[in-house]
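Colleague: So the sequences go chain by chain: A and B. Heads up: the first sequence begins at 369 in this note's numbering, then just goes up one per residue. Heads up: the second sequence begins at 2 in this note's numbering, then just goes up one per residue.
Among the hints, a few may not be true.
To be verified - In silico SDA-like pairs for lysine to any residue, Cα to Cα no more than 20 Å straight-line: (1) Lys-443(A) <-> Ala-68(B); (2) Lys-443(A) <-> Pro-147(B); (3) Lys-538(B) <-> Val-463(B); (4) Lys-100(B) <-> Gly-416(A); (5) Lys-538(B) <-> Asp-479(B); (6) Lys-91(B) <-> Pro-123(B); (7) Lys-100(B) <-> Pro-123(B); (8) Lys-77(B) <-> Glu-490(A); (9) Lys-503(A) <-> Arg-151(B); (10) Lys-479(A) <-> Glu-103(B); (11) Lys-443(A) <-> Arg-151(B); (12) Lys-443(A) <-> Tyr-484(A); (13) Lys-427(A) <-> Ala-533(A); (14) Lys-77(B) <-> Tyr-484(A); (15) Lys-79(B) <-> Ala-469(A); (16) Lys-79(B) <-> Lys-503(A); (17) Lys-503(A) <-> Pro-147(B); (18) Lys-443(A) <-> Lys-79(B); (19) Lys-503(A) <-> Ala-68(B); (20) Lys-77(B) <-> Gly-505(A).
Stated by the list, open to error - Derived, one-sided and incomplete: chain B residues facing chain A with beta-carbon distance under 10 Å: (21) Leu-43; (22) Phe-51; (23) Ala-55; (24) Asp-142.
Said to hold, decoys possible - What the simulated footprint calls covered on chain A by chain B, stretch by stretch (three residues with Cβ under 8 Å from a Cβ of chain B suffice, anywhere in the stretch; the number is not a length): (25) 441-448; (26) 470-479; (27) 518-526.
None of these hints come from the bench; they were simulated from the model. Every residue gets a Cβ at the ideal spot worked out from N, C-alpha and C, and that includes glycine.
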Amino acid sequence: MTRNLLVALVAVLALGGGLALRQVTAPAGEVPPAAADPLTAAFPDLQGQRHTLGEWRGKVLVINFWATWCPPCLKEIPAFVDLQRQHGPAGLQFVGVALDAREEVAGFVAKREINYPILFGEEDVARYMQEQGNKIGALPFTLVFDRSGALRHTQQGEWAAADAARVLTGILAE
Amino acid sequence: MVKRFAGLNLLLCLLALSQLAAAGVLDKLDRLGGSSTQREFLPPDEAFRFTHEAYADGQLPLVWTIADGYYLYRDKLKLESPDGSASVGKPELPLGEEKNDEEFGQVVIYRNELRVPVPVTPAGGATTLNFRLSYQGCAEDGICYPPIHRNFSVPVAATTAAPPAADAPAQAATAPQLPPSEEASDVDRLSALLADSGLAVVAATFFGFGLLLALTPCVFPMVPIVSGLVVGERGQGGAARGLLLSGVYVVAMASTYAMVGLAAGLFGRNLQAAFQHPAVLIAFSALFVALALSMFGFYHLQLPAGLRNKLESSQRGARSGSLIGVAVMGVLSAIIVGPCVAPPLAGALLYLGHQGSPVVGGVALFALGLGMGVPLLAVGASAGHFLPRAGAWLERVQHVFGVISLGMAIWFLERILPGAVTLALWALLLIGTGIFLRALEPLHEAASGWQRLWKGLGLTMVCYGAVLIVGASAGADDVMRPLLPLTARAEAQVPAAKAGFATVKSLADLDRAVKQAAAAGRPALLDVYADWCVECKRLERETFANPAVQARLAGFTLLRADVTANDETDRALLGALSMFGPPAVLLYDRSGAERRAQRLTGFVGPDDFLQRLAALDAP
Numbered sequence: 369m370t371r372n373l374l375v376a377l378v379a380v381l382a383l384g385g386g387l388a389l390r391q392v393t394a395p396a397g398e399v400p401p402a403a404a405d406p407l408t409a410a411f412p413d414l415q416g417q418r419h420t421l422g423e424w425r426g427k428v429l430v431i432n433f434w435a436t437w438c439p440p441c442l443k444e445i446p447a448f449v450d451l452q453r454q455h456g457p458a459g460l461q462f463v464g465v466a467l468d469a470r471e472e473v474a475g476f477v478a479k480r481e482i483n484y485p486i487l488f489g490e491e492d493v494a495r496y497m498q499e500q501g502n503k504i505g506a507l508p509f510t511l512v513f514d515r516s517g518a519l520r521h522t523q524q525g526e527w528a529a530a531d532a533a534r535v536l537t538g539i540l541a542e
Numbered sequence: 002m003v004k005r006f007a008g009l010n011l012l013l014c015l016l017a018l019s020q021l022a023a024a025g026v027l028d029k030l031d032r033l034g035g036s037s038t039q040r041e042f043l044p045p046d047e048a049f050r051f052t053h054e055a056y057a058d059g060q061l062p063l064v065w066t067i068a069d070g071y072y073l074y075r076d077k078l079k080l081e082s083p084d085g086s087a088s089v090g091k092p093e094l095p096l097g098e099e100k101n102d103e104e105f106g107q108v109v110i111y112r113n114e115l116r117v118p119v120p121v122t123p124a125g126g127a128t129t130l131n132f133r134l135s136y137q138g139c140a141e142d143g144i145c146y147p148p149i150h151r152n153f154s155v156p157v158a159a160t161t162a163a164p165p166a167a168d169a170p171a172q173a174a175t176a177p178q179l180p181p182s183e184e185a186s187d188v189d190r191l192s193a194l195l196a197d198s199g200l201a202v203v204a205a206t207f208f209g210f211g212l213l214l215a216l217t218p219c220v221f222p223m224v225p226i227v228s229g230l231v232v233g234e235r236g237q238g239g240a241a242r243g244l245l246l247s248g249v250y251v252v253a254m255a256s257t258y259a260m261v262g263l264a265a266g267l268f269g270r271n272l273q274a275a276f277q278h279p280a281v282l283i284a285f286s287a288l289f290v291a292l293a294l295s296m297f298g299f300y301h302l303q304l305p306a307g308l309r310n311k312l313e314s315s316q317r318g319a320r321s322g323s324l325i326g327v328a329v330m331g332v333l334s335a336i337i338v339g340p341c342v343a344p345p346l347a348g349a350l351l352y353l354g355h356q357g358s359p360v361v362g363g364v365a366l367f368a369l370g371l372g373m374g375v376p377l378l379a380v381g382a383s384a385g386h387f388l389p390r391a392g393a394w395l396e397r398v399q400h401v402f403g404v405i406s407l408g409m410a411i412w413f414l415e416r417i418l419p420g421a422v423t424l425a426l427w428a429l430l431l432i433g434t435g436i437f438l439r440a441l442e443p444l445h446e447a448a449s450g451w452q453r454l455w456k457g458l459g460l461t462m463v464c465y466g467a468v469l470i471v472g473a474s475a476g477a478d479d480v481m482r483p484l485l486p487l488t489a490r491a492e493a494q495v496p497a498a499k500a501g502f503a504t505v506k507s508l509a510d511l512d513r514a515v516k517q518a519a520a521a522g523r524p525a526l527l528d529v530y531a532d533w534c535v536e537c538k539r540l541e542r543e544t545f546a547n548p549a550v551q552a553r554l555a556g557f558t559l560l561r562a563d564v565t566a567n568d569e570t571d572r573a574l575l576g577a578l579s580m581f582g583p584p585a586v587l588l589y590d591r592s593g594a595e596r597r598a599q600r601l602t603g604f605v606g607p608d609d610f611l612q613r614l615a616a617l618d619a620p
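This is chain A alone, in the form it adopts within the complex (with noise of 0.2 Å):
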């Protein structure tokens, strides 16, 4: 009995080496960095105004991020306006942020109609998308934000919309 809890001491702590090593042969780059509270982070609408993404705080929150040369995020921009039409009276708030130019961003919108702010950017979304988990930078990514401010999704390419009405039918509900 005392041999039996003899081996496997020493195999819990093989195991616990085993894990130890792997904290220290990581490379550092693999750990995130101490990100500030993503809701701090602002970009300016078309007209210019700065908006902090705090200001939408208490809903539950879809920051999506596309631009005008993504054709699989323009796909899914009239399920993000259905979904903020039937649930918006009860909390959901969409926000899309274009990486892109100003003049094409406006020039979409004008066409489209769309129920929600737009936001833009270029350098400082790309970074920001980065920071939130998109390593490769690619769009669309759409993050969700429950009513404590608390990232609750992270979606990276198309969102289906059945999926994307499932997902916050869920968080409005609780």
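Could you slot chain B onto chain A? The hints should help.
Modeller: What follows is chain B alone, placed relative to chain A:
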């Protein structure tokens, strides 16, 4: 004592776990099992690998290697010289592929390999040309990358020093004068050898080839299978019966080859591909599983009771039934094992196709089949002779055959199942076998040396099986290197090997691609490939993925003809290349002429392959 062993087993397993933890394997497994159902996308520089060739003749060729499932937009490619050190002309954009985009309408995109020569003139006195390149692309699965901007410089000295590209015209002039008949390839030599000999000599030659082929790892597994049939029929007739059954099998197999030879003489087509249909493969695989189960003694392979009763009433009926079964197996095995004896068979079929005589074709391949069957006959006869009537020893031999049969079943399915699934099946087989070898049961103190040896072997199998499961869940598909996806460096290598090939379908595609390569002064390589061709996959895995080969092939335009479908276009291509099926590797020199001497049919290892490539540089 028993307890101590149990404890040691536990210790060993946890030690193994700690090693895996250190290697970061647990993290990766964690990620795999995570709740996220989103797929991982490549970083932009891996999705679109950019490089440029040397500036020569006023042209700067820009080259992208685009990963599978990713594409670049034609109208987003832009090269400028911001500091005016060069004037940039109109890029020679290839035609590309039309894509109907819901938002943008008809757009032109590029996949796989993209090469864009851009006319560039240095501004007076500039020694370094500075460029800014922009391009943008997306992934098929619904993401787009922001426009990528890249700054790079090209020294003008490269214009006058003019490395390989400038030599190309000189080579192009000399290459066609090479007497191609003097440098005969494997296949050519074989058909030359056969071209002026009589029918008897042809038959004898093919018999000899068959004998040699039987010793290749592809045909050899058939030996235990036939033996299995014979052993399964034990007590029914001994050596004579064994010889008869093996004989029937061999003659059936040889007849099948004979018919292929006949058909090759008549039509000169690749018939085997038609028999690589998933249904055939699944049926054959199921047959092996059934055989294996009977070897393990789960049941005795026999006809349903009702039918058996009828047949038992006449003994001759039962006997002829099993003979027909053996014959059918012979026929099927000839067809399915065919592709892995591709090189000699290709040579034979090329010869027979050229000969245009169905008789010669039939006789030659019948002799080949007989030659391949000689070892089977020998084993069939001796198995009936040497094997005892019953006993534990015989049972163990049957079990070994059973395991081999299961292995064969998996091997057949490898062509149609995803790699990770086959890997899991191999793991199942290994662990199951290990358990049957009592790997996890404690040894008695009085255990004999043999028992200890078996347990050791069994434990090894169980451990390797466990490694295979880890590999399979990480998406590995190579039984010999199951942890490949988990070792970061290898991870970068393998997709590169795959992404490097541009696909050609028709003969016109091939001509265009080879001409394009020749225009750029690049040698080209054509890999003739099919999904159902195991040797092709081995070639890709072991030879093309080899770092030395990769380095050597860096200057090549890599082309791949995927003949999986074996449709009209594929057959036309194979016919035009005087070829009967994959795998084959064709090399084109800088002038765009194929070097027949270096043509490869069948699998070659990295070392041999490098030698062939070296021969390509010789004038």
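Colleague: Now tell me, hint by hint, if it's right for this structure.
Modeller: Now the hints, each set against the structure:
Of the pairs offered as hints, the one joining Lys-443(A) and Ala-68(B) is violated, with about 23 Å between alpha carbons and a cut-off of 20 Å exceeded. A distance of roughly 17 Å separates the Cα atoms of Lys-443(A) and Pro-147(B); the hinted pair therefore holds under the 20 Å criterion. Taken as a hint, the Lys-538(B) and Val-463(B) pair is broken in the structure, with Cα atoms around 26 Å apart against an allowance of 20 Å. Distance hint between Lys-100(B) and Gly-416(A) is unfulfilled; the C-alpha atoms sit about 36 Å from each other, more than 20 Å.
Of the supplied pair hints, the one linking Lys-538(B) and Asp-479(B) holds, its CA atoms being roughly 10 Å apart against a limit of 20 Å. Note on Lys-91(B) and Pro-123(B): the hinted pairing holds, with a Cα-Cα distance of about 15 Å set against a maximum of 20 Å. Using a Cα cut-off of 20 Å, the hinted pair Lys-100(B) and Pro-123(B) is violated, with the two alpha carbons roughly 36 Å apart. For the hint linking Lys-77(B) to Glu-490(A), the alpha-carbon distance of about 18 Å falls within 20 Å, and the restraint holds.
The suggested pairing of Lys-503(A) with Arg-151(B) holds, with an alpha-carbon distance near 18 Å, which does not exceed 20 Å. Restraint check: the Cα-Cα separation between Lys-479(A) and Glu-103(B) comes to about 16 Å, which is no more than 20 Å; the hinted pair holds. Straight-line distance between C-alpha atoms of Lys-443(A) and Arg-151(B) comes to about 29 Å, which puts the hinted pair past the 20 Å bound. Pair hint Lys-443(A) plus Tyr-484(A) holds up; C-alpha atoms about 16 Å apart against a cutoff of 20 Å.
Taking the CA atoms of Lys-427(A) and Ala-533(A), the gap is near 16 Å; set against the 20 Å cutoff, the hint holds. Proposed proximity of Lys-77(B) and Tyr-484(A) is contradicted: the alpha carbons are some 30 Å apart, above 20 Å. Between Lys-79(B) and Ala-469(A) the CA atoms are separated by roughly 18 Å; this keeps the pair inside 20 Å, and the hint holds. Proximity of Lys-79(B) to Lys-503(A) is assessed by CA-CA distance (about 25 Å); at most 20 Å being required, the pair is judged violated.
With a C-alpha separation of about 13 Å, the suggested pair Lys-503(A) and Pro-147(B) falls inside the 20 Å cut-off, and the hint holds. Only pairs whose Cα atoms come within 20 Å are accepted, and Lys-443(A) paired with Lys-79(B) is rejected, the gap being roughly 26 Å. Our distance criterion of 20 Å between C-alpha atoms is met by Lys-503(A) and Ala-68(B), whose separation comes to about 18 Å. Restraint check for Lys-77(B) and Gly-505(A): satisfied, since their Cα atoms lie roughly 18 Å apart, inside the 20 Å limit.
Interface hint at Leu-43(B): satisfied, since its Cβ lies 7 Å from the closest Cβ of chain A, which is below the 10 Å cut-off. The closest approach between the C-beta of Phe-51(B) and any C-beta of chain A is roughly 16 Å, which is over the 10 Å cut-off, so the hint fails. The restraint placing Ala-55(B) at the interface with chain A is violated, with a minimum CB-CB distance near 31 Å, outside the 10 Å limit. Because the smallest distance between the Cβ of Asp-142(B) and any Cβ of chain A comes to about 6 Å, under 10 Å, the interface hint for this residue holds.
Residues of the region 441-448 of chain A with a Cβ under 8 Å from some Cβ of chain B number 3, which satisfies the need for three, so the listed coverage holds. Under the rule that three or more residues need a Cβ within less than 8 Å of chain B, the assignment of the region 470-479 of chain A is violated, with 0 such residues. Under the rule that three or more residues need a Cβ within less than 8 Å of chain B, the assignment of the region 518-526 of chain A holds, with 4 such residues.
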